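Participant: Since the structure of chain A is already known, use the hints to place chains B, C, D, E and F on it.
Number of protein chains: 6
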Amino acid sequence: MAESTPTLLVVSAHAGDFVWRAGGAIAAATMRGERAVVVCLSYGERGESASQWLQGKPLDEIKAIRRAEAEDAAAALGAEVEFLDLGDYPLIEAPEAIQKLVDVYRRAQPTVVLTHPLSDPYNGDHAAAARMALQARVLAQAIGVANSDGSFPTKDEIIGAPPVFFFEPHQPEQSDFKPNVLLDVTAAFPLKRKAMECLPAQKHMWEYYTQLAIRRGVQVKRNAGPNLGLPHETLGEAYMRYYPQVTDVLE
Amino acid sequence: MAESTPTLLVVSAHAGDFVWRAGGAIAAATMRGERAVVVCLSYGERGESASQWLQGKPLDEIKAIRRAEAEDAAAALGAEVEFLDLGDYPLIEAPEAIQKLVDVYRRAQPTVVLTHPLSDPYNGDHAAAARMALQARVLAQAIGVANSDGSFPTKDEIIGAPPVFFFEPHQPEQSDFKPNVLLDVTAAFPLKRKAMECLPAQKHMWEYYTQLAIRRGVQVKRNAGPNLGLPHETLGEAYMRYYPQVTDVLE
Amino acid sequence: MAESTPTLLVVSAHAGDFVWRAGGAIAAATMRGERAVVVCLSYGERGESASQWLQGKPLDEIKAIRRAEAEDAAAALGAEVEFLDLGDYPLIEAPEAIQKLVDVYRRAQPTVVLTHPLSDPYNGDHAAAARMALQARVLAQAIGVANSDGSFPTKDEIIGAPPVFFFEPHQPEQSDFKPNVLLDVTAAFPLKRKAMECLPAQKHMWEYYTQLAIRRGVQVKRNAGPNLGLPHETLGEAYMRYYPQVTDVLE
Amino acid sequence: MAESTPTLLVVSAHAGDFVWRAGGAIAAATMRGERAVVVCLSYGERGESASQWLQGKPLDEIKAIRRAEAEDAAAALGAEVEFLDLGDYPLIEAPEAIQKLVDVYRRAQPTVVLTHPLSDPYNGDHAAAARMALQARVLAQAIGVANSDGSFPTKDEIIGAPPVFFFEPHQPEQSDFKPNVLLDVTAAFPLKRKAMECLPAQKHMWEYYTQLAIRRGVQVKRNAGPNLGLPHETLGEAYMRYYPQVTDVLE
Amino acid sequence: MAESTPTLLVVSAHAGDFVWRAGGAIAAATMRGERAVVVCLSYGERGESASQWLQGKPLDEIKAIRRAEAEDAAAALGAEVEFLDLGDYPLIEAPEAIQKLVDVYRRAQPTVVLTHPLSDPYNGDHAAAARMALQARVLAQAIGVANSDGSFPTKDEIIGAPPVFFFEPHQPEQSDFKPNVLLDVTAAFPLKRKAMECLPAQKHMWEYYTQLAIRRGVQVKRNAGPNLGLPHETLGEAYMRYYPQVTDVLE
Amino acid sequence: MAESTPTLLVVSAHAGDFVWRAGGAIAAATMRGERAVVVCLSYGERGESASQWLQGKPLDEIKAIRRAEAEDAAAALGAEVEFLDLGDYPLIEAPEAIQKLVDVYRRAQPTVVLTHPLSDPYNGDHAAAARMALQARVLAQAIGVANSDGSFPTKDEIIGAPPVFFFEPHQPEQSDFKPNVLLDVTAAFPLKRKAMECLPAQKHMWEYYTQLAIRRGVQVKRNAGPNLGLPHETLGEAYMRYYPQVTDVLE
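Chains A, B, C, D, E and F are the protein sequences, given in the same order. With my numbering applied, the first sequence corresponds to residues 1 to 251, in that order. With my numbering applied, the second sequence corresponds to residues 1 to 251, in that order. With my numbering applied, the third sequence corresponds to residues 1 to 251, in that order. With my numbering applied, the fourth sequence corresponds to residues 1 to 251, in that order. With my numbering applied, the fifth sequence corresponds to residues 1 to 251, in that order. With my numbering applied, the sixth sequence corresponds to residues 1 to 251, in that order.
With the rest of the complex left out, here is chain A (with noise of 0.2 Å):
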């Protein structure tokens, strides 16, 4: 893979999260030829995995099939993914946890990144991923910041500034999340099905997020205007962007 393709980061705080929220912008990345890389902060063993506790599942057990779904649905989205297991439910916010992802970042060295937003009442966990994904990212710009285990110089380059965007939490108005940016899934839309599709233990949620598809297809739709072309189904993601946009043309 030459040195120029452009490489999307995914920081998830779970292992189900960048499925539900991103899948379609993941998808749509690889279909273009480009890379992306997931990394999962934790497997969501503790607080996204209730029917495997209820069954009485062990641990080890449900971390290794939530990382083993994890591992399908990137699959299926054409995806490279990598588990941190930093422990979730509280995912906490320590100084060796980041600095183990400005080593993911100086590795991958994204063009674009995607997260977590800041706030979510719901999920602290969420929030904390977010927190981490930004430090992370400043840190990783430092050529003076040293690699997770201390030593120098470090193994990889630097990153530039690639620009964040957050994706969708479940209960967006709760959360402050007001998109600026709707993205149009459409084409991308049946590897997201696909992905969920992984997912065998929450099926309630793959039609929930189809319907939200459609929805966030409309307002595509509605912003941008009856001109566009656009085909009568359209299915869309909602992101907030977190750095102003870079650009010569106002479009």
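It is worth saying that the hints were derived from the structure and are not from the lab. One thing to keep in mind: the hints can contain errors.
Pairs count within a copy or across copies, as identical chains cannot be separated in the list.
Claimed, not checked - SDA-like, lysine to any residue: derived pairs with alpha carbons at most 20 Å apart:
1. K203 / W53
2. K155 / T7
3. K203 / I214
4. K221 / D60
5. K155 / H170
Computed from a predicted model, the values in this text were never measured in an experiment.
Facilitator: Coordinates of chains B, C, D, E and F only, in the frame set by chain A:
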């Protein structure tokens, strides 16, 4: 000019606003071969012509001076300009004025709209212009809204949903102006400078707005990252996108 | 109807708004034996009747069609409806219109008021309706404010301080709509669906708003907790309370 | 006490906070026969015991004094009280402390939670308490989260989704405290006054908080309207609801 | 009175507002030998004179009563007062009214301006007064803006850029009133109390606003620190500065 | 130096921040004969020393270089400087670090405090420094909080409630920096320029921050009004006051 030429519509409260605040975006558009239409709601004859009033000039002469300057500046930018002569200080938000703007929208068929932000504690005319620009845009989309003379059917087609960008006010923080788009105007800046020099009464502003372009240019580079290969002296203009961006690529 | 019957007053900018956005709350009230009064400030004849304009129908016929539909929908919900015919696109905020609403408030003696939220970047009429509804509510409380024809004493009693709830706009996040009340409308939804089906020109919206009810219902359950014994498929509507809730129990 | 008794859980940073800020709500609950459990994260031994330090008392004695006062005040309100002794000034937000609170939540099975608001520029402990109270509530809902000693299965049931209300800080506007619930505590106020009088070191506060109750009571009446038949002197407490209210009646 | 005497201009929606909300600042100014000019936009004849309407008094008599009371209160504060009689409930924001205020500004040449905050969900007149006060201030700065009768040159000099302070509304948090200036009015308070007692119809407010002064005084002390040597009972008024403070010392 | 000398305390995340952002305020204070104490939490050795790292210098040498530069710059401003050497990129918010700052506060007895604003999406260290500066200020007020080595009684007196001002970040709008104080630093600017020139590695910043001073100076004049007799070229610095201003004159 073919029907499909992109068209930039700039709604300016006074005769000079479009030069200082959006001259780079206008010149960049016309340099790409696009059409740019500036509509000045007033000449700025009362509120922004202090030196002429001090010289005791009559109202009509002041208006003529400001109009001529604006025409020269628009020409320097490669833009068309028209004047609604609605009066300033105060520029009054009124249904008739909005209706005239509806005609302008439908005649121009803009693909992008620029105007003032909705808040400016130092100049109520700017906010009034923004409110009217936004209302007219929505009305111009409706097939049931008549021409400004009440006739039907409408002389021109209804419009789509062009994106709206607010340009930078004089005191950005006080006007709740948080830019989410930084426009690289390096190549277009010589034309902007030429247009500024068409406004001789405000000679001290030439350098002021050149310095602002440098400062916004630093932010262009800072937000784009070191890898983008931008020239050493990048010049910028700051904008606030009002509606969410519609796109099929996150970048 | 006894003086003490609770009365819901719904102030709707256009003839259809109350159905999509508040139909569940209205039906729930009338199913409890309460009175519901809908006042449509306009018929939505210009801004929300595109298909009729495309068919070349004259203005009066369009207004009559919209009125008949709204009457049918109100009947389906068990509500009274009246029309102020103030014109739309734009619906103009004017003292005379507000004064007419004062009469409505005093005649209806509402115990609860529903209207649009104060911000909607896609439709200025909605915000204008909200501003008028709020102003009229305050004026109707004052014994010194005359009837709309200038006569004294007032034909009806002044009103108390009924709570005001904003119903959901089409693009909630863009309209700064952060719900602080989630209403369970499971039992009332069949009547809402029936009312929606009184609006045949917008058939594609029937399913859209049914899906929205499902999504808001998920949030009802999520915010109520697993212990509340809600039915599997709970349906909801989202509201924003404008004034603080007054209560003698925190719950 | 039956399983279904409503239970109020109050998370208080220091030993006295629950009295001044939520005494009315607590007394109202116990007067209705409900259970109220107060958990004091610290005794306020360093930051809110200036007079004892000036008298040269040792730390342990100060803690004992504050504890005894809080026990008396809780008894006056009819509430249970426990102390986590986490230290104050600063009260440090830490995973272990949050985990202890998870145990409290599961043991108490609250139907309503009261705590500090998330912002207080004058006292960082208050915000830290709020953050811990909110995190513990979410963790206590997850079956996969262990007891604070790491054992499994959990000693008590997981909890539902009790509503959370922030009580009033000392300088409400500076703490971004915009009340959306005004609680009528007229009947409960004598017990609150009695509880306040259990805190003799802050005698000047008795009258201060009585006056605040009068002022909030005026707002209770103002927001309830003249028709509600409230007593002449209504006494109130102000709260901010954190999650949306779930209801089947708008009122 | 010398040209350079500092002058306080108070723009009050109704005849009584300046007393309750800014009486301390006014008295403090006149006690320093400065000039204070109060302009009442209306008498509050419809919205704030319920007891007179209940007694069946005619409009003109009510206006005369309110005017006399306001004149007495202004005299007690050492202030001049004038009345624009623009009508209340609603007080309508209109170009002609604003133009009259422009004359007042130029005649008074204020060095400081006080008015209502821009938001008040309980009283639209207050926000309308604030909007007009702010617009008139900007217009009065422009040499090209004529006298209110259209004549030129302007009878009085244009004004500078006096700072604007919003005084406290009845329900501060609901009106987004976050004070950033706490004014010590201890010495001036006896005059404020005397002015309040000129308004006999609202006797219950005398004590209410005395208690508010005590509460704001506690905040004066809390924000000034223990070292400032303030008297035991400090009395305060709260303000919001609208434009940034200009200073050559940070303190 | 007498006990009553006003003292400015500046809490700076890195060794250079106080120069660019607050050099004018510091010089103005020392020129008035006041004391100024700068505390640098780190040397900026990792995050703000890219050119030294590129030259392959070791960590200790980089720290020594930055320290020497900061000492020179402080001397140019007439200020004392000390270094806590807490490390940067990331600067970690920790109880021990805060406790050391408590000692600094009590030793310095500041009458005014300057630090970074609470938000900076480009540099997490700045926000961490602000949070620690604010927490330490509150802790230093409490007689019950020990010295940082745990000993009692405290070596120095507790402090009062000095006002806190945030100085300007590099990208103000992105950092939610809305200045409410504009400081005239015209007379002090030559010293600030001299201090900037003590930082040779960032020579391109000298002109950048000189231009910023001009721009803020324009705002000083614009907000002060034409009558204030300010010099033609006024130079300024922008600040955000965190706590409300306490005053006995509105001006």
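Participant: Work down the list of hints and note, for each, if the structure agrees.
Facilitator: Okay, the hints, checked on the actual structure:
| no. | hint | verdict |
| --- | --- | --- |
| 1 | K203 / W53 | within (17 Å within a copy, 44 Å between copies) |
| 2 | K155 / T7 | within (19 Å within a copy, 47 Å between copies) |
| 3 | K203 / I214 | both (18 Å within a copy, 16 Å between copies) |
| 4 | K221 / D60 | neither (45 Å within a copy, 31 Å between copies) |
| 5 | K155 / H170 | neither (37 Å within a copy, 30 Å between copies) |
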